[in-house]
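A.B. asks: Sequences listed follow chains A and B, in order.
To convert, count from 1 in the first sequence and add 341; that's our numbering.
To convert, count from 1 in the second sequence and add 144; that's our numbering.
None of these hints come from the bench; they were simulated from the model.
A few of these clues could be false.
What the hints assert, rightly or not - Taking lysine to any residue pairs in the SDA-like style, the calculated list, with each CA pair at most 25 Å apart, reads:
#1 B:Lys-393 with A:Leu-400
#2 B:Lys-557 with A:Glu-472
#3 B:Lys-393 with A:Glu-423
#4 B:Lys-556 with A:Arg-356
#5 B:Lys-592 with A:Arg-470
#6 B:Lys-556 with A:Met-411
#7 B:Lys-554 with A:Glu-348
#8 B:Lys-329 with A:Tyr-457
#9 A:Lys-389 with B:Lys-329
#10 B:Lys-554 with A:Leu-347
#11 B:Lys-202 with B:Arg-483
#12 B:Lys-556 with A:Asp-398
#13 B:Lys-566 with A:Asp-443
#14 B:Lys-554 with B:Asp-595
#15 B:Lys-554 with A:Glu-379
#16 B:Lys-329 with A:Leu-400
#17 B:Lys-329 with A:Leu-439
#18 B:Lys-393 with A:Asp-403
#19 B:Lys-281 with A:Met-411
#20 B:Lys-554 with A:Val-414
#21 B:Lys-393 with A:Ser-455
#22 B:Lys-560 with A:Val-444
#23 B:Lys-560 with A:His-349
#24 B:Lys-592 with B:Leu-616
#25 B:Lys-554 with A:Arg-470
#26 B:Lys-329 with A:Gly-458
#27 B:Lys-565 with A:Ala-446
#28 B:Lys-554 with A:Leu-459
#29 B:Lys-556 with A:Ser-375
#30 B:Lys-557 with A:Ala-446
#31 B:Lys-329 with A:Thr-350
#32 B:Lys-400 with A:Leu-400
#33 B:Lys-557 with A:Thr-345
#34 B:Lys-168 with B:Leu-146
#35 B:Lys-560 with A:Leu-347
#36 B:Lys-329 with A:Ala-446
#37 B:Lys-556 with A:Leu-347
#38 B:Lys-289 with A:Val-414
#39 B:Lys-592 with A:Leu-354
#40 B:Lys-554 with A:Leu-439
Nothing here was measured: the structure is a model prediction, and the numbers come from that model.
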Amino acid sequence: MPFTELEHTADILVRVSASSLEHLFAESANAMFSFMHEQREGRSVMRKLSLEAADMDALLHDFLSELLFMAEVDNLVFSDIEVSISGPTLQATVYGELFDPDVHAGGTEIKGISYYGLHIREDQDHRYRVEILFDV
Amino acid sequence: MLEDLRKLGGVEWEIPIGYTPHMKVPGKFFLSDRLAAEVDEGAIQQLANVATMPGIVKYALAMPDIHWGYGFPIGGVAAFSLDNGVISPGGVGFDINCGVRLVTTPLREEDFDNRRELIERLFRAVPTGVGARTSHKLSISELEKVLIEGASWAVEHGYGMREDLVHCEQGGRMEEADTAHVSEKAIQRGIPQCGTLGSGNHFLEIQAAREILDAEAAETFGIAEGQICMMIHCGSRGLGHQVCTDHLKTLESSTKKYQIDLPDRQLACAPLQSKEGEAYFAAMAAAANYAWANRQMIMHNARNVFTELYGIDYEEMKLIYDVAHNVAKFEEHLVDEKRVELCVHRKGATRAFGPDRPEVPREFRAIGQPVIIPGSMGTSSYLLKGTRTAMEKSFGSTCHGAGRVLSRTKAKKQFKGATLKKELSEKHIVIRAASNAVIAEEAPGAYKPSDEVVRVVDEAGLSRVVARLEPLGVIKG
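Next up, chain A with everything else stripped away, as it sits in the complex (with noise of 0.2 Å):
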């Protein structure tokens, strides 16, 4: 499992480990849509986005509101994220498909990404953690 969810009364707290930042990026993105959508597979609209941050934390909180920002007024569910990040400056593609209240209603709404406590980390191992709170 790329991410685990921790004990949180409120909200939903997860970590998410990924051999590099942009997995850990798309996990992370995957772990968000997972607690919305039990099912997620369709494939049949596709959105790319640009963004640059000051820092990677910032970067990765401005990635996650943008898709969720995303999903949310333009009513979709996405299913495969891409990313790719070269310096301060992030580019996605993603790939997902219209909301279906057959196959995709009965999850938890979230409404946004804590900027509390969102601190990745790099270990010895060379691997990257980080924990994020998703408000619901």
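Use these hints to put chain B onto chain A, whose structure you have.
C.D. replies: Below, chain B without anything else, positioned relative to chain A:
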């Protein structure tokens, strides 16, 4: 755990100045021994932290449902002077104007049938849960009108009756709202969700008034034993969350700009009289208006379901009251025997104005403001009235319910949605949710029951119980 704190007697506790450095006023909270035994120490520290904020007046207060929140504890109440006080999004919460309304119907429990059909139709009529969208898609300019006009926008567009507005706190509209301070992102998020219930602990519940404890107040509020009622609990959805997030960013830098020394970054704030503080207040008011319009639209759709199914007149379903429990407002209060205007923050706390306040609808003014405290799924909810004691002790505030005690992961491990559904059904409570997982996460056992919290505010005199309501059916996201 509460050794350093002073019990003032009964259910009142004080955090003395000095408990944490730079406290400007003492902290005060209300807990029974039972609640004190399990109170979260972190939340008490948060309350002490609030007492260090500039311009805070009299006390940093917390209601008996105090628990850990972002910056301020949930259940927190703090009033700030307009001269040197501040405004803080942490004192309002992310779900701006999350609130509750209570509606009566002419139906009585003994002739209330078709319960399952009612709940099913309500579930179809009220967009609920993740991905659910409103059937009334608004243009940007129309949404901006919602943000300015609040519940009255909804009424003018056919969602309800004019008299509903009188029965909303603040008339369902804060006039300080200004859309110039609401980001485009917040507006985009608001468009598909206006008139939707959302998920989490939000619900629409059908209830029976089971126990009347104050006959005079109950008669004045228009509720009788055995009467079928409807309670709606939700807030400002993604729009309110976005407004809070956007302004937290600005206010974090203005905390530095105005050299405000805070023990916790999450208390980010700005002077009430600063452009950043005014901008947040105007945006918060806009989000609060959105929430009032949202609850008004949901109520309207639910009233139509009752009309279709039971053939009762729409006008016979009266809104008793609508209260906000996450908001900051300008209000007049008595401080050192002088009437002063203050900015009162309530986060997970409800306004509970006593008799004779002009803000209370005329027909309720001799009694006090109706206060609505929702229960969790399958447990009792309460109708109370505001008191003069609350005006003296808590800036006219009381509790808002009770928070979670179990995380979602623990709740899902301990409870199974299908089993809960069956157990509730044995108690004749019909539940309709988007999934069994939602039911498990929101299991009654995951929440503190409201009963003890309500008993404490009643004992402290912050509000008095008028009626207890029991659930018959509920829809959840």
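A.B. asks: Hint by hint, say whether it matches the structure.
C.D. replies: Status of the hints after comparison with the structure:
1. Of the supplied pair hints, the one linking Lys-393 (chain B) and Leu-400 (chain A) holds, its CA atoms being roughly 15 Å apart against a limit of 25 Å.
2. A C-alpha spacing of about 22 Å is found between Lys-557 (chain B) and Glu-472 (chain A), which places the hinted pair at or below 25 Å, so the restraint holds.
3. For the proposed pair Lys-393 (chain B) and Glu-423 (chain A), the alpha carbon gap of about 28 Å is over 25 Å, so the pair is violated.
4. Restraint check: the Cα-Cα separation between Lys-556 (chain B) and Arg-356 (chain A) comes to about 19 Å, which is no more than 25 Å; the hinted pair holds.
5. At most 25 Å may separate the alpha-carbon atoms for a hinted pair to count; Lys-592 (chain B) and Arg-470 (chain A) exceed this at roughly 34 Å.
6. Distance hint between Lys-556 (chain B) and Met-411 (chain A) is unfulfilled; the C-alpha atoms sit about 29 Å from each other, more than 25 Å.
7. Between Lys-554 (chain B) and Glu-348 (chain A) the alpha-carbon distance is near 8 Å, which keeps this suggested pair within the 25 Å criterion.
8. For the suggested pair Lys-329 (chain B) and Tyr-457 (chain A), the alpha carbons sit about 21 Å apart, so the restraint of at most 25 Å is met.
9. Simply put, Lys-389 (chain A) and Lys-329 (chain B) have alpha-carbon atoms about 18 Å apart, close enough for the 25 Å limit, and the pair holds.
10. Between Lys-554 (chain B) and Leu-347 (chain A), the direct Cα distance comes to roughly 10 Å. Compliance with the 25 Å bound is thereby established for this hinted pair.
11. A threshold of 25 Å between alpha carbons decides the hint, and for Lys-202 (chain B) with Arg-483 (chain B) the separation of about 14 Å falls inside it, so the pair holds.
12. A threshold of 25 Å between alpha carbons decides the hint, and for Lys-556 (chain B) with Asp-398 (chain A) the separation of about 30 Å lies outside it, so the pair is violated.
13. For a cut-off of 25 Å, the pair hint linking Lys-566 (chain B) to Asp-443 (chain A) stands: about 23 Å separates their Cα positions.
14. Distance check on the hinted pair: Lys-554 (chain B) and Asp-595 (chain B) sit about 23 Å apart at the alpha-carbon level, within 25 Å; holds.
15. Taking the CA atoms of Lys-554 (chain B) and Glu-379 (chain A), the gap is near 18 Å; set against the 25 Å cutoff, the hint holds.
16. Between Lys-329 (chain B) and Leu-400 (chain A) the alpha-carbon distance is near 18 Å, which keeps this suggested pair within the 25 Å criterion.
17. A C-alpha spacing of about 20 Å is found between Lys-329 (chain B) and Leu-439 (chain A), which places the hinted pair at or below 25 Å, so the restraint holds.
18. For the hint pairing Lys-393 (chain B) with Asp-403 (chain A), the CA-to-CA distance comes to about 13 Å; that is within 25 Å, so the pair holds.
19. Annotation: proposed proximity of Lys-281 (chain B) to Met-411 (chain A) holds, straight-line Cα distance about 17 Å (limit 25 Å).
20. Annotation: proposed proximity of Lys-554 (chain B) to Val-414 (chain A) is violated, straight-line Cα distance about 31 Å (limit 25 Å).
21. Simply put, Lys-393 (chain B) and Ser-455 (chain A) have alpha-carbon atoms about 12 Å apart, close enough for the 25 Å limit, and the pair holds.
22. The suggested pairing of Lys-560 (chain B) with Val-444 (chain A) holds, with an alpha-carbon distance near 21 Å, which does not exceed 25 Å.
23. Restraint check for Lys-560 (chain B) and His-349 (chain A): the C-alpha separation of about 19 Å stays at or below 25 Å, so the hint holds.
24. Restraint check for Lys-592 (chain B) and Leu-616 (chain B): satisfied, since their Cα atoms lie roughly 20 Å apart, inside the 25 Å limit.
25. Note on Lys-554 (chain B) and Arg-470 (chain A): the hinted pairing holds, with a Cα-Cα distance of about 24 Å set against a maximum of 25 Å.
26. Restraint check for Lys-329 (chain B) and Gly-458 (chain A): satisfied, since their Cα atoms lie roughly 24 Å apart, inside the 25 Å limit.
27. Under the criterion of a C-alpha separation no larger than 25 Å, the hint pairing Lys-565 (chain B) with Ala-446 (chain A) is consistent with the structure, at around 18 Å.
28. Taking the CA atoms of Lys-554 (chain B) and Leu-459 (chain A), the gap is about 23 Å. The hint holds against a cut of 25 Å.
29. With a CA separation close to 16 Å, the supplied pair Lys-556 (chain B) and Ser-375 (chain A) stays within the 25 Å bound.
30. This hinted pair checks out: Lys-557 (chain B) and Ala-446 (chain A) have alpha carbons roughly 21 Å apart, not beyond 25 Å.
31. For the proposed pair Lys-329 (chain B) and Thr-350 (chain A), the alpha carbon gap of about 28 Å is over 25 Å, so the pair is violated.
32. Distance hint between Lys-400 (chain B) and Leu-400 (chain A) is fulfilled; the C-alpha atoms sit about 23 Å from each other, no more than 25 Å.
33. Distance check on the hinted pair: Lys-557 (chain B) and Thr-345 (chain A) sit about 15 Å apart at the alpha-carbon level, within 25 Å; holds.
34. Pair hint Lys-168 (chain B) plus Leu-146 (chain B) holds up; C-alpha atoms about 20 Å apart against a cutoff of 25 Å.
35. Taking the CA atoms of Lys-560 (chain B) and Leu-347 (chain A), the gap is near 20 Å; set against the 25 Å cutoff, the hint holds.
36. Between the alpha carbons of Lys-329 (chain B) and Ala-446 (chain A) the distance comes to roughly 24 Å, so the proposed pair stays at or under 25 Å and holds.
37. Pair hint Lys-556 (chain B) plus Leu-347 (chain A) holds up; C-alpha atoms about 13 Å apart against a cutoff of 25 Å.
38. Restraint check: the Cα-Cα separation between Lys-289 (chain B) and Val-414 (chain A) comes to about 19 Å, which is no more than 25 Å; the hinted pair holds.
39. Proposed proximity of Lys-592 (chain B) and Leu-354 (chain A) is supported: the alpha carbons are some 21 Å apart, at most 25 Å.
40. Simply put, Lys-554 (chain B) and Leu-439 (chain A) have alpha-carbon atoms about 32 Å apart, too far for the 25 Å limit, and the pair is violated.
In this structure, the hints that do not hold are numbers 3, 5, 6, 12, 20, 31, 40, in rising order.
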